[in-house]
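Visitor: Can you build the whole structure from these sequences, using the hints too?
There are 2 protein chains.
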Amino acid sequence: MGRLTGGDPSLLRRINSAVVLHALRAATVSPEGRDPGAGADADRAPERAPDAAPGCATLTDLTRVTGLSRPTVEGVVEGLIADGLVVEMPAEEGGVRRQGRPARRFRFRAEAGHLLGVEIGAHRVAALLSDLDGRPLGSTVREVSEKAPADERLERVRGAVADLLRRAGVSRHSLRAVGVGSPGVVEADGTVHLGTALPGWTGLRLGERLRRSFRCPVLVENDANAAAVAEHWKGAAVGSDDVVFVLAGLSPGAGSLIGGRLHRGFGGAAGEIGALHLLGREATPEEVLSTTGEPLNPLDEGQVARVFALARSGDTRARAAVDRFIRRLVHDVGALVLALDPEVVVVGGWATGLDGVLDPLRDELARWCLRPPQVAQSLLGEAAVVTGALRLALDHVEEELFAVESTVTARRASR
Amino acid sequence: MGRLTGGDPSLLRRINSAVVLHALRAATVSPEGRDPGAGADADRAPERAPDAAPGCATLTDLTRVTGLSRPTVEGVVEGLIADGLVVEMPAEEGGVRRQGRPARRFRFRAEAGHLLGVEIGAHRVAALLSDLDGRPLGSTVREVSEKAPADERLERVRGAVADLLRRAGVSRHSLRAVGVGSPGVVEADGTVHLGTALPGWTGLRLGERLRRSFRCPVLVENDANAAAVAEHWKGAAVGSDDVVFVLAGLSPGAGSLIGGRLHRGFGGAAGEIGALHLLGREATPEEVLSTTGEPLNPLDEGQVARVFALARSGDTRARAAVDRFIRRLVHDVGALVLALDPEVVVVGGWATGLDGVLDPLRDELARWCLRPPQVAQSLLGEAAVVTGALRLALDHVEEELFAVESTVTARRASR
Numbered sequence: 001m002g003r004l005t006g007g008d009p010s011l012l013r014r015i016n017s018a019v020v021l022h023a024l025r026a027a028t029v030s031p032e033g034r035d036p037g038a039g040a041d042a043d044r045a046p047e048r049a050p051d052a053a054p055g056c057a058t059l060t061d062l063t064r065v066t067g068l069s070r071p072t073v074e075g076v077v078e079g080l081i082a083d084g085l086v087v088e089m090p091a092e093e094g095g096v097r098r099q100g101r102p103a104r105r106f107r108f109r110a111e112a113g114h115l116l117g118v119e120i121g122a123h124r125v126a127a128l129l130s131d132l133d134g135r136p137l138g139s140t141v142r143e144v145s146e147k148a149p150a151d152e153r154l155e156r157v158r159g160a161v162a163d164l165l166r167r168a169g170v171s172r173h174s175l176r177a178v179g180v181g182s183p184g185v186v187e188a189d190g191t192v193h194l195g196t197a198l199p200g201w202t203g204l205r206l207g208e209r210l211r212r213s214f215r216c217p218v219l220v221e222n223d224a225n226a227a228a229v230a231e232h233w234k235g236a237a238v239g240s241d242d243v244v245f246v247l248a249g250l251s252p253g254a255g256s257l258i259g260g261r262l263h264r265g266f267g268g269a270a271g272e273i274g275a276l277h278l279l280g281r282e283a284t285p286e287e288v289l290s291t292t293g294e295p296l297n298p299l300d301e302g303q304v305a306r307v308f309a310l311a312r313s314g315d316t317r318a319r320a321a322v323d324r325f326i327r328r329l330v331h332d333v334g335a336l337v338l339a340l341d342p343e344v345v346v347v348g349g350w351a352t353g354l355d356g357v358l359d360p361l362r363d364e365l366a367r368w369c370l371r372p373p374q375v376a377q378s379l380l381g382e383a384a385v386v387t388g389a390l391r392l393a394l395d396h397v398e399e400e401l402f403a404v405e406s407t408v409t410a411r412r413a414s415r
Numbered sequence: 001m002g003r004l005t006g007g008d009p010s011l012l013r014r015i016n017s018a019v020v021l022h023a024l025r026a027a028t029v030s031p032e033g034r035d036p037g038a039g040a041d042a043d044r045a046p047e048r049a050p051d052a053a054p055g056c057a058t059l060t061d062l063t064r065v066t067g068l069s070r071p072t073v074e075g076v077v078e079g080l081i082a083d084g085l086v087v088e089m090p091a092e093e094g095g096v097r098r099q100g101r102p103a104r105r106f107r108f109r110a111e112a113g114h115l116l117g118v119e120i121g122a123h124r125v126a127a128l129l130s131d132l133d134g135r136p137l138g139s140t141v142r143e144v145s146e147k148a149p150a151d152e153r154l155e156r157v158r159g160a161v162a163d164l165l166r167r168a169g170v171s172r173h174s175l176r177a178v179g180v181g182s183p184g185v186v187e188a189d190g191t192v193h194l195g196t197a198l199p200g201w202t203g204l205r206l207g208e209r210l211r212r213s214f215r216c217p218v219l220v221e222n223d224a225n226a227a228a229v230a231e232h233w234k235g236a237a238v239g240s241d242d243v244v245f246v247l248a249g250l251s252p253g254a255g256s257l258i259g260g261r262l263h264r265g266f267g268g269a270a271g272e273i274g275a276l277h278l279l280g281r282e283a284t285p286e287e288v289l290s291t292t293g294e295p296l297n298p299l300d301e302g303q304v305a306r307v308f309a310l311a312r313s314g315d316t317r318a319r320a321a322v323d324r325f326i327r328r329l330v331h332d333v334g335a336l337v338l339a340l341d342p343e344v345v346v347v348g349g350w351a352t353g354l355d356g357v358l359d360p361l362r363d364e365l366a367r368w369c370l371r372p373p374q375v376a377q378s379l380l381g382e383a384a385v386v387t388g389a390l391r392l393a394l395d396h397v398e399e400e401l402f403a404v405e406s407t408v409t410a411r412r413a414s415r
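Listed in order, the protein sequences are those of chains A and Z.
Reminder that position 174 of the first sequence reads as 174 in the numbering used here, one-by-one numbering, no gaps.
Reminder that position 105 of the second sequence reads as 105 in the numbering used here, one-by-one numbering, no gaps.
Since the hints were made in silico from the structure, they are not lab data.
Be aware that a few hints might be false.
[Stated by the list, open to error] Just so you have them, the derived chain Z footprint on chain A, three or more residues with Cβ under 8 angstroms:
#, region
1, 266-274
2, 335-343
3, 366-374
A quick note: this is a predicted structure, and the numbers were derived from the prediction, not measured.
All C-beta atoms, glycine included, are put in the ideal place defined by N, C-alpha and C.
Guide: Laid out in structure tokens, this is it:
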């Protein structure tokens, strides 16, 4: 609070503006568009006056909801209209008319800007477009070779985005923020500190490269972190603020939310639990799942699926390999649970599409953890990373628009 | 921010009062008493006007530092004097006199109340007394049998505290908060959810039992968590806000700070990494360190020290046992590091008093972690838990006195 020096009038003005915008936005978003369990937003949304017309609010509504004086609310609303964020609704035709001039009604202009979520993976890139309320307006997925060099992968991203914007009829200049989910340890400036899953990824200035294509902020995030955010927003972790999301694959990664906020760690490497076996110089995941003694190819998901299929068909060596794989996964997830003590563990990634991963995980954690968490399967599946990337872009814009918290608690910002 | 409704005058009054008290306190605490690297406090302390007399501040000083108007500052200061938290200093004698009446000077009354830190361990109980600035006024340690039942252990605590207060000449009624560090998973109300290290500890309503002896808030915390807070305050983790403290013993426990705040986990069980080996149904710590095949007695530290001494003297089986023990510790700490990605790992507990734990830990983490943390030995040693318990009591009182943050960001409180 070092910089908060008592009754700062400019701070008050910003608080008031944010509070009014927040009330307006809460009044104008339909229940479908804004999940009531979606954490921080639901907490923050002031109640709408019960008799307010859906989709808009009068000055009287706003005065009641915010506790501000009517002149203050009027001044703030005029400012928001000038900024293009609020519009006055035309007077209702044919509605119930009382004596005198009808009350002016206002709504938040969710169409005043757009947000983009981007996923960059080993086998595909994906993009998701929304308005300022996070309502999806379109999406696209493109395949890409696991061997594609970084330039080719980025070109694929640009193509997918351009196509999506064109189809949705949205101008690139309308984008307010772009969130990107990528494998690897990602630094605050969007550089991939370490990313062995994709060719040419370690050391790539991913944020800088993508910023050339956009005029708005580009936020790059580890893919498991993005997926954790997505499951919290509209997936298996809605309503819980202490979440570990496990991106279960040959080598698992994880993202975690603590008190509803992404925990990145001091150097952005939190949750990279796949390295745990290295400490004991144990077998690599590729060796664990091998039925022949030859390590599997880490990028060949088909090979892995075949081992699981063989195990299902009764093959003893495949069964043993799968058991080893599950035991390793349970150990890795157990380590995360003991370290973090989350309320919910959400399991996603390809391993959840294979039989028999979830039940042993649930059983073992229930048996051995001091306080076993709930274990749930990802609800968003393949869409988790791109959805989380979009949510991060939305978070960024909300912080700008509803800047009360970031104003007052700026010194807490971890990144 | 749901409850913050614009320019609330009572909120403003509280902010102003906190800001003034903060400025006064920053002006009156000597550099020795307030470590400049001690995290949140250092951040929050407003700068003292360069020409202010040390130890006190004038209304002009306070007006300049806080940015508040002079009448506001005067009103706040009068209120604080009435509360006994501030006192007007007598006019200086023999000092430089200017024309007219000398400026009134005020100081924070750190002696207006006292704080107590308490440690409850397997072999000893300890207590530490301070004033409202956290300046130590006395301490005491008493031995207790590892087999002592809960009642006897609590009686030992009460005796130690009574003796300490008497020796320091401090009345029990002057205590504003008591912090307690104890082994086990501790719930928010101070009940020990699980505490196998001490007889009769699981299910003990420790907070409730101790509250009978005090008229002030009693805050019970897991011992490793308390130690993490202490090392951050005045130990090996000063200046770092992302810390894992490992209480290294036969079965390690850990406490962690994330962004300078204690991370307790959803159910208070975060950091209980000693259970990790259970997930793989691996050997217990007592078996790992055994040289005979017979498990060690987990409460007998002498037995453990003998194994380490034997290893030093060249005994092959003891050396192998110690190697197994260190490998296990490295794995457990590695799991914490991968999950949390701290800046610093501080190792305390009895194992640090034994040879050869720290170097292999440092080497292995540096070799295998994606972003290796610094590894430091506890600076506070045996005093870590009781010091952290005192700091938690101080945090509690500061939140009451300097309530800006807790007022504005109450909905963020994790517990």
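Visitor: Under the constraints set out in the numbered hints, which ones does this structure not fulfil?
Guide: Of the numbered hints, all hold.
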